Every structure is written in C-alpha cells, then in structure tokens.
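Participant: Now for the letters of each chain:
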Amino acid sequence: MAVIFPPWTNRVPPLLALFSLGAVVSGVALVWYYFSPQYTDVGFEPTQPMPFSHKAHAGELGMDCRFCHNTVEQGAHAAIPSTETCMTCHASLSLPQSVPLAAVRMSWEMDKPITWVRVHQLPDYVFFDHRVHFAAGVGCVSCHGRVDEMAVVSQAEPLSMAWCLACHRDATPNLRPFSKITDLTYDPQNAGYDPNQDPKRKRKVEPPLHCSGCHR
Amino acid sequence: MTKLMQPEDPKEAEGVLDEVDRRSFLGVMGASMALAGVSTSLTGCVRKPREKVLAYTRRPEDLVPGEPRYFATAAQLTGGVIGLLVESQDGRPTKVEGNPRHPMSLGATDAFTQASVLDLYDPARVKLPRVEGKVLPFSALEERFEHFKTNLGDGEALALLIDGQESPTLFSLLYELRRSHPKVKIYRHDNACPRNGVAGAGQVGIRGTRPLYALERADRVLCLDMDFLGVEGDVVRNARHYAWRRRITSERDTMNRLYVVEPAFSVTGTNADHRLRLAPSQVGEFLADLIGHMASRGVNAPAGARRPLHAAGRRLPASR
Numbered sequence: 001m002a003v004i005f006p007p008w009t010n011r012v013p014p015l016l017a018l019f020s021l022g023a024v025v026s027g028v029a030l031v032w033y034y035f036s037p038q039y040t041d042v043g044f045e046p047t048q049p050m051p052f053s054h055k056a057h058a059g060e061l062g063m064d065c066r067f068c069h070n071t072v073e074q075g076a077h078a079a080i081p082s083t084e085t086c087m088t089c090h091a092s093l094s095l096p097q098s099v100p101l102a103a104v105r106m107s108w109e110m111d112k113p114i115t116w117v118r119v120h121q122l123p124d125y126v127f128f129d130h131r132v133h134f135a136a137g138v139g140c141v142s143c144h145g146r147v148d149e150m151a152v153v154s155q156a157e158p159l160s161m162a163w164c165l166a167c168h169r170d171a172t173p174n175l176r177p178f179s180k181i182t183d184l185t186y187d188p189q190n191a192g193y194d195p196n197q198d199p200k201r202k203r204k205v206e207p208p209l210h211c212s213g214c215h216r
Numbered sequence: 217m218t219k220l221m222q223p224e225d226p227k228e229a230e231g232v233l234d235e236v237d238r239r240s241f242l243g244v245m246g247a248s249m250a251l252a253g254v255s256t257s258l259t260g261c262v263r264k265p266r267e268k269v270l271a272y273t274r275r276p277e278d279l280v281p282g283e284p285r286y287f288a289t290a291a292q293l294t295g296g297v298i299g300l301l302v303e304s305q306d307g308r309p310t311k312v313e314g315n316p317r318h319p320m321s322l323g324a325t326d327a328f329t330q331a332s333v334l335d336l337y338d339p340a341r342v343k344l345p346r347v348e349g350k351v352l353p354f355s356a357l358e359e360r361f362e363h364f365k366t367n368l369g370d371g372e373a374l375a376l377l378i379d380g381q382e383s384p385t386l387f388s389l390l391y392e393l394r395r396s397h398p399k400v401k402i403y404r405h406d407n408a409c410p411r412n413g414v415a416g417a418g419q420v421g422i423r424g425t426r427p428l429y430a431l432e433r434a435d436r437v438l439c440l441d442m443d444f445l446g447v448e449g450d451v452v453r454n455a456r457h458y459a460w461r462r463r464i465t466s467e468r469d470t471m472n473r474l475y476v477v478e479p480a481f482s483v484t485g486t487n488a489d490h491r492l493r494l495a496p497s498q499v500g501e502f503l504a505d506l507i508g509h510m511a512s513r514g515v516n517a518p519a520g521a522r523r524p525l526h527a528a529g530r531r532l533p534a535s536r
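Heads up: the sequence lines are chains F and W, in that order.
Residues in the first sequence are numbered consecutively from 1, following our numbering.
Residues in the second sequence are numbered consecutively from 217, following our numbering.
Bear in mind the hints are in silico, worked out from the structure with no lab data behind them.
Nothing false has been slipped in among the hints.
Simulated DEER-style distance windows between Cβ atoms:
1. Pro173/F x Glu283/W: 28 to 38 angstroms
2. Pro384/W x Glu73/F: 36 to 46 angstroms
3. Leu368/W x Phe67/F: 53 to 63 angstroms
Subject to a maximum C-alpha distance of 16 angstroms in a straight line, what follows is the list of computed EDC-like cross-link-like pairs (lysine to aspartate or glutamate):
4. Lys264/W x Glu45/F
5. Lys268/W x Asp124/F
6. Lys311/W x Glu283/W
7. Lys268/W x Glu45/F
8. Lys264/W x Asp124/F
Treat the numbers as computed from the prediction; the structure is a model and nothing was measured.
Glycine is no exception: its CB is placed at the ideal position from the N, C-alpha and C atoms.
The following block holds chain F by itself, in its conformation from the complex:
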C-alpha cells in the first residue's frame, strides 16, 4: 500500500499556522503603517496654481498670519485671503509684467477666484473651529508646522483623530501666551511658559474628549 502522506507532511499544519499568523501580523502592520494619515497625509504638497511662497511672506517679510488669514479669530475657517488682500500691496509693489503674479492679476482683473488646492483637509464628519483653538491659545505652528519655512505649503502633521486626541487629553505643551499665537518661532517649552501662571488666561483650557465635541 502506497504511502499517501509522506512523513514531511506532518510539519505542514504547524508551518501553515505559523505562516498564516505571520501573514495576519504583517497585514495588520502594513495597514497600521501605510494606511495611517501619518504615512498618507503628512508631507502632502500639492502643486498650487501659482508659486505663492509663505517662506517669503511669513518668514522673510515677517508678516503676521492674520494679515491674510484674518477670519481665524471670528470663524471656523481661517479663510484663504481674497485677491483684494494680495492687491493691497501688490498693486503698487510688483512690476506689471511679473510672471509669478500673473494669476493674481488675472483674478483681479477678470473677477475670477484663484483655484487653490486645499492642503489641510479634515473629513466632512469632523467639526473643527479655528476660533476656539485661537481663543485657547494654541499656536498656528502646533498644527500647521513651520509654514514660515515652506516655499510650497505641505502638511506637517497627520491631522488624524489620535493626533487630535493627544492634544485634547493634555493641551498644556501646546498652549502659549496669547501674544505669541501667530509667532511660529516661539517654543513654549524653551521659554518655560506655564499656562496656569499666565494672568491673561481667564479660564482653564478644557478641550472636549467626548465624541460629539468634534463629531457633531
């Protein structure tokens, strides 16, 4: 009688079990890493319709973030500035044939908006309000990174739920004096800032941790 299963087949079940365990573990690990916003979103740097440089404006010229994103204190959105805001300076500052500025001039003359590509994009099921974060004294740099060093804006932080919650659980390291909110170079740790000792803070920052705080 022929042997149907030679002796080596005895090792198949444990090997199979080991292999499938390895497959599951590596699958989970792959999804864990490669599907996370840390991998998919950080560093997202879309090509914009015109070469606007935050490095030149916020960094070298030292303009305050709110000169252009002026609704950050009043609204949920820190609105993209209108073409009029650009033209406030550039109507007299730039040469009429300046190529990088062509899109702005075109928008101004034809009354057509510039089509920017959104960099920091939260899911639609998340409610985010710039106003309250500003009022709590969270700096721009905490979420947007060193925009003053970016010639082309890219996403610096994952903007994932775990990342949001990390700060909502303990916001203290990200709090800064109200006068330094738009100061991208200020570091509250190096400066030894303690929000509990700040006389200008009228109430304690208590970020919501319940679901409907953000998923309304």
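Chain F is fixed; fit chain W onto it per the hints.
Facilitator: Using the frame of chain F, we list chain W on its own:
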C-alpha cells in the same frame, strides 16, 4: 429641469445629467475598482480626493466665510406684512425666521413664510424682465421705459395690474403717476388681500386703512366666519396675542374666551371655546340678531344658535 438646476447646484445636477446605462456603469465600476486595488496595493495611497479652495476676489465687508449672516427683511402675505430675519450661509439664503423686534412677527413665522426660502431657489423664478414675451436685461428695460414715458401722453393707453401690495412707497409712486397721467387705469387683484376688511374699515374709519386686532387686550372674542388664527392676514401676530391671553402665570391672570361662528372648519374654529356651525347666508343674520339681543336681551337667532349665542350675549356686553 436639469438645465435649470445646473447653475444652482452643479454637484446635484451632475448625477441627473449623466445618462449612464447599466452596461457602461458596471464597466466603469469594474475598472475603477481594479485601479483602486492596484493603486492601493502598489503605493498604499488612499489619500482623500483633492479639494479646491476658491477664495473671493473681493470679500464683502464683515463677511466671515462659513459663518451665517442675518438680514432683516419683510414679506407680504395675505394682506399683511411680516418682519423676517433671513439666514445666509456664504451668500446663500438658507432659513427664514421671524424678526423678534417686528410687531407683526414677534419672532415667529407661519408655514408659508417658512417655505418661502424655497422660492429663492425656484428654477422658474423671474430673474430678468420680460418684454413682450422676450427676456431682456435691465438696461434694455430702462430704454423701453424712457421710450414709453415720452409717448405716454395722458395715460389713456396704460393699464397697470398690481397685486395686493401694502407698500406706502408704491402707493405714493402710483399717486404721482396718476397725477401726471390722469387717465391711467390701475387694477388691483389679489385673492388673499382682505378687501372686505379694508372696505369695512373705510366705512367706520379712515379710507385705505385695514383693521388690526388688539387681541392681547380682548377678554371675549367673537369671530364671525373669519380665520384670523389660520390664513387671513396678520396670522402670526394674532396667534401670538391670542395665546398670550390664554397663558396663566399668576393668580390674577385671566383667560380670554373665543366664540366662533363659521360655515366651515378652520384653525380658528378648532381653537374656539364655543363654536357654532352656521351657513354663510345666516352669519349676517346672526350678527344682526346678536346686536338686537345685546340691545334688548331677547334671543332671536336660529334654533341651533341659542346656546352659544346666549353664552356670548351674556358675556360680551360686559367686556369690550
């Protein structure tokens, strides 16, 4: 419809516009799923779709994108004017509510006004003037008017048809028109306009006025075939005032009492403390009898009317 919808809501119109048959739909589905699989497995790229941000070229003053703005306005409905607050989201009106500081609204609206926000998105809404069946821009209309004005003469050939407007500005303009062109004919047509109310007020008071009910001060209300809580003008204000007088907050507060005589069911009738069903032809008689009764204390109404009439007649003279 789809053509009309497109400029208003291109996202919605897309789905309606695309005429995709089942076969090509499944083909596209299969292909896109395969592509998604490939791109996911190869690059691990599952980033959200790219979104465009279109900023204003000139942002209106005080506008914060994403924040609602409220505009105070007024709308005319069934002969009455109601003050409104309209919520506007990024330039699009989304909600109509009553203006709490307007005496005809007191912060509330009725169903018609609530629904009126949809009028603003009505594809059939008139956007440009129409002259002899042709849609023309406003500039062309002005030219026409100039031309018209020079050839108007005494206004013999002109007839105006207007709805039940209450606007004093319009009235003064019409007055001016009639003074300069005495033969102009002006017709008013509006089924919802309280014409009889205006005529009645003209008989007892000043011409051109219309009655305004002080329900917040009335202890006894007799209503003869009129739906003042339902559809017949100033409804919001009437309902508010009527309800105020039925709210007891202290021991001294009293409630009003509502007597309704009407031929058909109405909102007012369902709210009545005493409701009498009576043919329209008999309502006048009822009133005449009531007046006689109040004068003499004798009851002279149709048989079924005795009980509520009695109740009303006993209490009405005692109150204003």
